[in-house]
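Asker: In order, the protein sequences belong to chains C and U.
So the mapping is simple: our numbering equals the position in the first sequence, first residue as 1, plus 7.
So the mapping is simple: our numbering equals the position in the second sequence, first residue as 1, plus 15.
It should be emphasised that the hints constitute simulated quantities derived from the structure, not laboratory data.
Be a bit skeptical, because a hint or two may be false.
Derived CB-CB ranges, DEER-like [stated by the list, open to error]:
no., chain 1, residue 1, chain 2, residue 2, range
1, U, Trp142, C, Glu31, 56 to 64 Å
2, U, Glu356, C, Ala106, 52 to 60 Å
3, U, Thr372, C, Ile43, 54 to 62 Å
4, C, Phe72, U, Val330, 55 to 63 Å
5, C, Ile73, U, Leu633, 53 to 61 Å
6, U, Gly199, C, Gln27, 25 to 33 Å
Non-contacting residues of chain U with respect to chain C, defined by C-beta distances greater than 10 Å in every case (computed) [stated by the list, open to error]:
no., residue
7, Tyr33
8, Ile499
9, Asn504
10, Pro523
11, Trp595
12, Leu610
13, Leu617
Short derived list, chain U residues pointing at chain C, Cβ under 8 Å [said to hold, decoys possible]:
no., residue
14, Ile193
15, Phe221
16, His257
17, Ile261
18, Phe308
19, Leu320
20, Pro322
21, Ala324
These numbers come from a predicted model, not from an experiment.
Every residue, glycine too, gets a C-beta built ideally from N, C-alpha and C.
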Amino acid sequence: MAELNQEPMTKAQLEYLRRQRTREMRQQLVSFGLMIFLTFIAFGLTAMEVIPAQFTIPLVLGFAFIQVILQFYYFMHMKDNGHQFAKLFMMTGFYFAIAFCVTFVYIVWIGAPVN
Amino acid sequence: MAQTSARKQGVGSVIWEYLTTVDHKKIAILYLIAGGFFFVLGGIEAMLIRIQLAVPNNDFLSAGLFNEVITMHGTTMIFLAAMPLLFAFMNATVPLQIGARDLAFPFLNSLGVWLFIFGGIFLNLSWFMGGAPDAGWTSYASLSIASPGHGIDFYALGLQISGAGTLITGINFATTIITMRAPGMTYMRMPLMTWTTLVASVLIVFAFPPLTIGIFLLMFDRMFGSNFFIVEAGGNTIIWEHLFWIFGHPEVYILILPAFGIFSEIFATFARKRLFGYSAMVFATVLIGFFGFMVWAHHMFTVGLGPTANAIFAVATMAIAVPTGIKIFNWIATIWGGSIEFTTPMLYALAFIPSFTMGGVTGIMQAAAPADYQYHDSYFIVAHFHYVIVGGVVFALLAGLHYYWPIMFNTMLNETLGKITFWFFFVGFHMTFLIQHFLGLWGMPRRVFTYLDGQGYNAANMISTIGAFLMAIAVIVLVVNIIITLAKNERVGMDPWGDGRTLEWSIPLPVPYYNFAQIPLVRGLDAYWVEKKEGNGKMMPSESLTDFHMPNNSILPVVMSLGLFIAAFGAMYFPDGQEWAIDAVSGLEPKPWALPVLIIGLGITFVSMGIRSWKDDLGYYVTKEEVERDLEELERGGK
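Next comes chain U alone, as it looks inside the complex (with noise of 0.2 Å):
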């Protein structure tokens, strides 16, 4: 029950916890460990491309590996790197800034987890299981129906998995921020890091039942005999464009709206001073996401969608600009004036605006439809995406490592460390992507594993692969940081930066396993800052101390994560050798086996739903005594 004795534990007791753990702190920290290792695979991917492309004519990868590289390197870097570490932040964050003592529902949060991860390892086991997914990150429909092999099987099977997980937390995060906020804690209250949540919850609620349908019907059409999208029969491959795009388009704004959040909190703490614009800030986020519906087909534009649906969409994809403008003003006007403390996470945040912006603009430049035809799989789109998503949300996620990494570990990463990294990154970041728009623009296709001498793209590509070099001895520093920090392990106090300005900041370190001994009373935006200026620099408590419901942990999450992953084994392996398959696997060797497997994986997953249904688990109280007992061991560890 409550882990009050838990002092010295040994390994597998730990491991234990971590499998059957509810609590969102620690499920934070499992998002962070696994969607950090999926940051460096994808991470070495990408090495893997620039090293091929560095000189001209070069065989360092066949042509079918390279496609294969830059498959798995786009899906796991969006999929299962960039959302999984937003989530730790989120999940490290949102509870503790609203004044909560968990998720709405702390199962789900754990299942979530437990489904990325089964995922992501059911996605990646491709690379030992005869080749992965070659068909690009979109993977087209008509590539992807003819891509011979199970590759891209494990792409449909393992981002429906971790897609389950997504919507799962989407829907956690909407209704916790919608119903468990503290008393006093409006929605105009609500600091920038949880409104972007909220925005980026109900994003993720709309967008990926679109991305669940589409690879539904891939699944069927590869494993299933079905003909949505194979044209000879009749399907339309077209439909596979729009379903991904609904979703992929909502997706990158489900990306970047957290990372704006994590910069917003930067800025107005080390800055110190309060938000500028906060509710214009708020009115853009809504807006971007609006909007974020609104423009799937320019990424469609030479399609051949007709003249009206083309200016349709360049219309509404120019609007995009002007709330994203509204917020690089606002973000400006907060460093204005103010006493600027320049931090590791303050340096990224700095770095973020003139890199993202950069990004914008020639997301403009591209949403002119006619122009769009020069620039369409041109190395232009891959240095416009780059810049957005690694100069807006992966910056966003090294300042928000190091930001919260307090909250998160107790600990503060070393900051000369921390400024090497980001210097190397920044620099490396620009040096690989900035000459990546003059490559397009020359003319060099993506998604091809070579190019021949004398075109004049050999000096740009060579700069490229450097650059990406500084980035990888960047993450390597990053990584040293990180184990030095934790062996050393020196303990910080509460409100460790110093300048905190919300309630995750008012709480001792480390984090209490209920967050909050009696929930906080919050009298305006910024809680804790409020308190520090006007009050007496602590929350004014709007409960008195009472006992509290808290839920059990459980391995449920695991055993039903688990038996999807057998399942989609013996989903991949059901059309092996059949007449009705497709001509992809129709060759391949009959699984008689495959039928079982499918049935024994489901049921595994249905009567662990059952048993989570049927079988009452009310929780447990933590009474007031000990929260007493907590309180002065604080108070004497405090003298």
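Next comes chain C alone, as it looks inside the complex (with noise of 0.2 Å):
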């Protein structure tokens, strides 16, 4: 008794799943590959000093984001739909986090040896 009930696909479900597998797996490598692309780039472009450094940093960190936002859609199935509640919960945590660290670097004086 100890095993799952499961009943046997049908020939069309299993097409179905088939396909969406596929298609899932294509975005994935696509997204792969533009997540080393551009981290190729970042890589370059602080080694290489081809440009000044203030436009590396907010370049590089425009390229964070990007990966991020692909990080989250595409690899942890955040696109999905009956996601909704995971978004909401990430964006929340990202609005605290944020929140706890400007206050550590503005009152906290964490930031000061830095300076």
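Since each chain comes alone in its own frame, lean on the hints to assemble the complex.
Answerer: This is the structure in structure tokens:
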């Protein structure tokens, strides 16, 4: 009695699932390639110093942001249906974390040694 | 497997059943017993404090022992009494209210309760093993790093273990409420108890990690030679205060929101009216939860954050009064014009409104940062937080105990004794804490073990102590009531209060271990009431009678928690007598067995986690035939 009740899939269901998974795989590979590419550019810009530092820093931060989005939406499935709560939680978590960091930098003097 | 044969059980098998159970109803009872035990312990500590302060220049407790007693009173009451008791009611009611057969992760539910129990035992062992923690329940870092001996280590390790349990339980409840509601139970049809549990669980998920981090840093400073809070070595003690209050402020909302939920249910039931302004109540609950994270620095106005930071946090704090006010007015409007029945839970609920509001008003006074410089560290603060926590949370716990007792134990607590308890507690509470506002304004500092004669504090302190004794009498009457009720064991039937509105009252008592023979269909807010008024008074099933899946019992949660409990001893004695250790413990005798104990303890935990991960435990099916048999038996019993 200890095994789960499972019904076999119909042929149509199986076909549909296969198509879904192929598409999913393609998206994963594309976003993976994109992320590797962005990382390369970021490393390259920093290593070769082709443009001045005040441009490199925001550019690298921008790439990082894009990668975070790709990571969350494609690798961690936030683009899929039924992830509204996960999204809400992540956004709230981000908001709190950023608020805490800002206050720590400004009123706990953690920033002071850096200056 | 299924407990059909278990009619008469021996003591051993009952204990084994409770050690291994994953059933939310039994875990609720575990939380209630353990939380109740710690509540009495914290109450005894409170009595010791009040006896010491009854007369000036008293030497009933020494100064050092007084510090230990106030620290353990605060820590025990918040972490080991109030929260677990709320978890008891959440466990007992929430799955029934949303029409679920158990929580989303029954195994984790059991792990949560055992982590809490072992953490609580570890913390309280400090009394017998060289002294309890003595740096206050906030354990501010410079003081707690300097505290000699192992008291603070008991605090850090005990709270770390029980805090992990709380975090696990928070995740569990949030997942359960989001994913396991019965068909028709939309978000805006969830009873307020479920809503407040959801918001409190989300707060736990966000608020406990900062505490975990803060305690980890403290543990590493005290036991493994790091310097996060040690100023001489470049550390910063203010970081502890921030981390603690980033957790600590949401914590008070984690406590009060489920209390609001319990009261909302009681008001609607005993005023026999739908809760007034349901959607405003939900909105206010969520808003309080959100604001709760944005105000932590109001505990630290006098630290020297600067006028800008103080002003921002002062305004944010005052904003919380708005949603709380919405709730207070909604409760008043709920009972307004209702056909009120003055049962014991309802008495607590009615007394809660003025008591809690008084605590809220003094909160707004303290939110004004410049005025707070005057109130800070005085008895005014003590009076304020006891007004909100006792007048809000403890009233809710006592009300909930009477209200939900039939669901948990199938009997009713005695109403007369319940009312005697209420009046003693209500009068004693106001007598103890109202006068403390004035003591604070007259200048009496908190956390000081005595005061001199001739400062005008004598009469007020004596009144306060007499009030505390009235509360103690109330608790004793309550215990007598519980013992009498359990001894008599007069079973009650379904919907014992007669006016149940929500799903949990639509179930036969005792609640079957699978809760619902068929998951019900919810047709509106206050689902059971809708069926009473518009249907035939029975819940409509949303599924046909079929086999359904239930989880197996497991002893692993106890073993995992025991492993951490053993490891905690190893960690605690690890720095003794080491030259790199802090001054507080470097003079003690070295304990070479500490490291092996740490490794063995963690080993036990990791091995049992491995067993859980690699050994399949698929649960079992409750068969249609068994459920049908139960239903038939119920039918016969009902006739």
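Asker: So which of those numbered hints doesn't the model satisfy?
Answerer: Hint check: 2, 4, 5 and 20 fail, others pass.
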